[in-house]
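Protein chains in written order, with my numbering: chain V, 1 to 100; chain B, 101 to 286.
Incorrect hints may have been included.
What the hints assert, rightly or not - Here are the simulated DSS-like cross-link-like pairs (lysine-lysine), alpha carbons at most 27 Å apart as the crow flies:
| # | chain 1 | residue 1 | chain 2 | residue 2 |
| --- | --- | --- | --- | --- |
| 1 | B | K106 | V | K54 |
| 2 | B | K253 | B | K110 |
| 3 | V | K54 | B | K281 |
| 4 | B | K126 | B | K106 |
| 5 | V | K54 | V | K96 |
| 6 | B | K253 | B | K126 |
These are computed hints drawn from the structure, not numbers from a lab.
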Amino acid sequence: MSAAPVESPELTLADEAVTAMNVPWNVVVWDDPVNLMSYVVYVFRAHFGYPDAKARTLMLEVHHNGRSIVFTGSLEEAETHVSALHGYGLWATYEKAGEN
Amino acid sequence: MAHGFKRTRKGIVGRFEAPEVRLLQKLFSDVGETLEPEPRADQDPLETLVGWDEDVPEPTDPALRRLLPAASSDPQEAAEFRRLTDRSLRERKTAALRASSLALESEPVVLTAEQAQDFARSLNDVRLVLASRLRIDSTQDAERVAGLTDFGKADSVEEYMGVVYNFVSWLQESLMTALLKTLPSR
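Using the sequences and the hints, build the whole thing.
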């Protein structure tokens with residue numbers, strides 16, 4: 001048996017973590033010569049629920065510009081989406097909005 | 101030659117010849133093996149049990165680096181993200197590969213939309229690995245490989261791999277056509 005600590009351990013959050021809550025984050029999908037256009041459109045529609053026209057616009061942006069911002073939101077949301085997109089085999093990263 | 105996938109009232113149906121089934125199952129299991137976490141001698145058995153990863157290095161194999169890419173251009177952010185997600189990402193991919201391999205045991209192959217999505221992920225992961233081995237890094241590289249479509253004319257391992265790549269690409273395209281029809285139209 002063991003005893004729990006008498007006092008609650010102190011959790012100190014870095015100041016930047018608190019302010020970072022308000023800064024939007026972008027999810028970026030990068031172009032590669034392998035992923036099929038139809039597959040990328042499918043992922044944007046099935047995962048984000050985007051309408052066909054929006055999914056196609058984003059896919060073409062990736063294809064022609066080399067990258068496209070496919071989502072903007074909190075850091076937590078951005079991380080979740082990046083992880084899901086990696087599950088689909090898309091090359092995705094997250095970055096602070098306005099960084100690039 | 102395979103017939104590809106089609107959307108029917110029963111689900112998404114694919115018909116395959118026996119050698120095609122064997123080829124696809126071999127590819128799925130090869131990619132699955134590539135995704136096995138590298139055993140590390142210094143890891144605490146308890147850490148392994150609870151899935152705690154102290155530090156997960158970026159894979160050295162370029163194919164694996166494409167399957168498990170860096171999530172940020174900031175190396176520290178990328179390392180922390182990898183530490184938290186590497187294991188579950190490998191497991192998710194391996195589970196889809198196994199399910200897809202099993203689905204191929206039926207003749208014809210009949211998939212629900214969810215199973216078809218797993219199948220699409222698996223075909224995509226196979227293509228990412230083959231593309232890495234074939235050094236397809238640009239559109240020009242892709243065009244160089246695109247001409248290889250005849251198994252009978254492939255006279256090197258690389259050419260054979262190119263034909264396999266094109267076969268899997270064609271199959272995935274037929275699956276995407278069927279799968280896109282399952283989404284609500286708007």
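How the hints compare with the structure:
no.: 1; hint: B:K106 x V:K54; in the structure: holds, 25 Å
no.: 2; hint: B:K253 x B:K110; in the structure: violated, 37 Å
no.: 3; hint: V:K54 x B:K281; in the structure: holds, 17 Å
no.: 4; hint: B:K126 x B:K106; in the structure: holds, 23 Å
no.: 5; hint: V:K54 x V:K96; in the structure: holds, 23 Å
no.: 6; hint: B:K253 x B:K126; in the structure: holds, 22 Å
Hint violations for this structure: number 2 only, all remaining hints satisfied.
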